[in-house]
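Number of protein chains: 2
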Amino acid sequence: MAYPESFEELMACFKMLPGIGNKGAERMTYRIMDMEEDQVQRFAEALTQFKKRIRYCETCGNICESEQCDICANKERDQSTICVVETPKDVFAMEKLKEYHGLYHVLGGTISIMNGITMDDLNIHSLFDRITDEVKEVIIATNPTSDGETTALFLARLLANRNVEVTRIAHGLPVGGSLDYADEMTLLKSLEGRKKL
Amino acid sequence: MAYPESFEELMACFKMLPGIGNKGAERMTYRIMDMEEDQVQRFAEALTQFKKRIRYCETCGNICESEQCDICANKERDQSTICVVETPKDVFAMEKLKEYHGLYHVLGGTISIMNGITMDDLNIHSLFDRITDEVKEVIIATNPTSDGETTALFLARLLANRNVEVTRIAHGLPVGGSLDYADEMTLLKSLEGRKKL
Chain A
168 MAYPESFEEL MACFKMLPGI GNKGAERMTY RIMDMEEDQV QRFAEALTQF KKRIRYCETC
228 GNICESEQCD ICANKERDQS TICVVETPKD VFAMEKLKEY HGLYHVLGGT ISIMNGITMD
288 DLNIHSLFDR ITDEVKEVII ATNPTSDGET TALFLARLLA NRNVEVTRIA HGLPVGGSLD
348 YADEMTLLKS LEGRKKL
Chain B
168 MAYPESFEEL MACFKMLPGI GNKGAERMTY RIMDMEEDQV QRFAEALTQF KKRIRYCETC
228 GNICESEQCD ICANKERDQS TICVVETPKD VFAMEKLKEY HGLYHVLGGT ISIMNGITMD
288 DLNIHSLFDR ITDEVKEVII ATNPTSDGET TALFLARLLA NRNVEVTRIA HGLPVGGSLD
348 YADEMTLLKS LEGRKKL
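Protein sequence lines, in the order shown, are assigned to chains A and B.
Be aware that the first sequence starts at 168, since it is given in our numbering, and climbs by one per residue.
Be aware that the second sequence starts at 168, since it is given in our numbering, and climbs by one per residue.
Be aware that a few hints might be false.
Note: identical chains are not told apart, hence a pair may lie in one copy or across any two.
[Said to hold, decoys possible] Here are the simulated lysine to aspartate or glutamate pairs, DMTMM-like style, with alpha carbons at most 25 Å apart:
| id | residue 1 | residue 2 |
| --- | --- | --- |
| 1 | 242 | 253 |
| 2 | 182 | 204 |
| 3 | 182 | 201 |
| 4 | 182 | 232 |
| 5 | 182 | 359 |
| 6 | 190 | 359 |
| 7 | 265 | 172 |
| 8 | 219 | 257 |
| 9 | 362 | 316 |
These are calculated hints, taken from the structure and not from any lab test.
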């Protein structure tokens with residue numbers, strides 16, 4: 168015996184979400200059943216509105232609800248530094264620090280030979296258009312994965328003939344971590360990146 | 168810096184789901200962003216339709232889309248046996264066996280002194296209306312928790328003066344389990360319920 172049609176359909180929708188399998192989708196559907204009608208309506212409306220209003224910033228590729236994101240629109244931010252990240256998530260992770268006051272550029276992924284993703288699939292061309300005389304430094308903050316490193320090296324090479332300093336965020340042991348538990352690559356990076364005390 | 172308004176709103180909705188915290192809701196919202204517009208529309212429509220169409224069976228309390236659920240409407244099922252369960256989920260768990268061909272009665276929970284849930288809060292009165300001469304056996308399949316056991320004993324006592332056999336599903340070691348890992352209550356139940364070989 169199967170669940171009623173509308174139940175199965177909602178379960179199928181929940182299963183499209185990351186990390187949600189059969190059991191999870193079932194549990195969520197039962198939770199929706201216990202909700203008040205106006206709450207469910209609010210949920211449906213949130214989905215529709217979200218898809219209608221959210222878009223990518225025309226300058227940096229971050230998510231926003233207007234042509235430019237809040238960061239690009241804020242002229243008080245340091246216009247001489249651009250931090251290149253993979254996803255909008257990374258922008259929000261950096262912003263939580265409240266330490267970086269420059270601009271961002273969101274690539275929307277990494278170059279990946281395995282997955283056939285080239286420079287043209289990413290938001291890279293517009294990065295070069297942004298590098299004017301005003302920009303002094305480009306910080307490459309892609310993830311320390313093999314694709315992230317490839318992308319970083321690739322960008323560094325392309326930016327080499329521009330009058331701009333290109334830097335890479337440091338990799339090494341996370342604070343509070345232990346040498347004993349670190350993988351070899353992390354340990355190697357931490358050794359390579361050593362500093363004089 | 169916060170996410171855009173519509174992003175935050177959708178995240179708040181995802182957080183209403185069981186087991187979903189900040190990080191999970193964020194991940195889900197990003198996934199929705201990557202979805203095609205018609206898929207998101209389908210999701211929103213599934214929520215609305217689900218809430219509109221799903222209701223409880225007037226006879227047994229199971230979930231369905233019409234007045235009676237498929238099981239109650241199916242006259243070929245054994246009308247002499249009623250299996251009492253806590254939730255609609257339990258009905259679907261039993262049905263997966265394809266071994267039980269009788270009817271069901273869904274209580275919608277258990278009697279709970281701790282949570283102040285009494286007989287009147289549950290779908291119990293209608294169970295007594297269903298016990299006609301045709302019904303020969305009531306199988307009480309509430310969960311082997313303390314509230315489930317209380318409810319089972321309570322129902323057994325109420326049904327004692329009716330001309331119907333009241334049985335309880337067996338509790339003991341799960342198949343494939345080991346004595347070594349079983350908790351004391353399970354082991355005790357398994358000893359009490361021993362059978363002649």
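We went through each hint and held it up to the structure:
1. 242 to 253: Within one copy only: 23 Å inside a chain, 60 Å across chains, cut-off 25 Å.
2. 182 to 204: both (22 Å within a copy, 17 Å between copies)
3. 182 to 201: For residue 182 and residue 201, the Cα distance is within 25 Å both inside one copy (19 Å) and across copies (15 Å).
4. 182 to 232: between (27 Å within a copy, 22 Å between copies)
5. 182 to 359: Result: close neither inside a copy nor across copies, 44 Å intra and 42 Å inter.
6. 190 to 359: neither (46 Å within a copy, 33 Å between copies)
7. 265 to 172: Answer is between; shortest inter-copy Cα gap is 20 Å, intra-copy 49 Å.
8. 219 to 257: So residue 219 and residue 257 pass the 25 Å test inside one copy only (23 Å; across, 39 Å).
9. 362 to 316: Cα proximity of residue 362 and residue 316: one copy only (21 Å, versus 66 Å across).
The structure shown violates the earlier hints numbered 5, 6.
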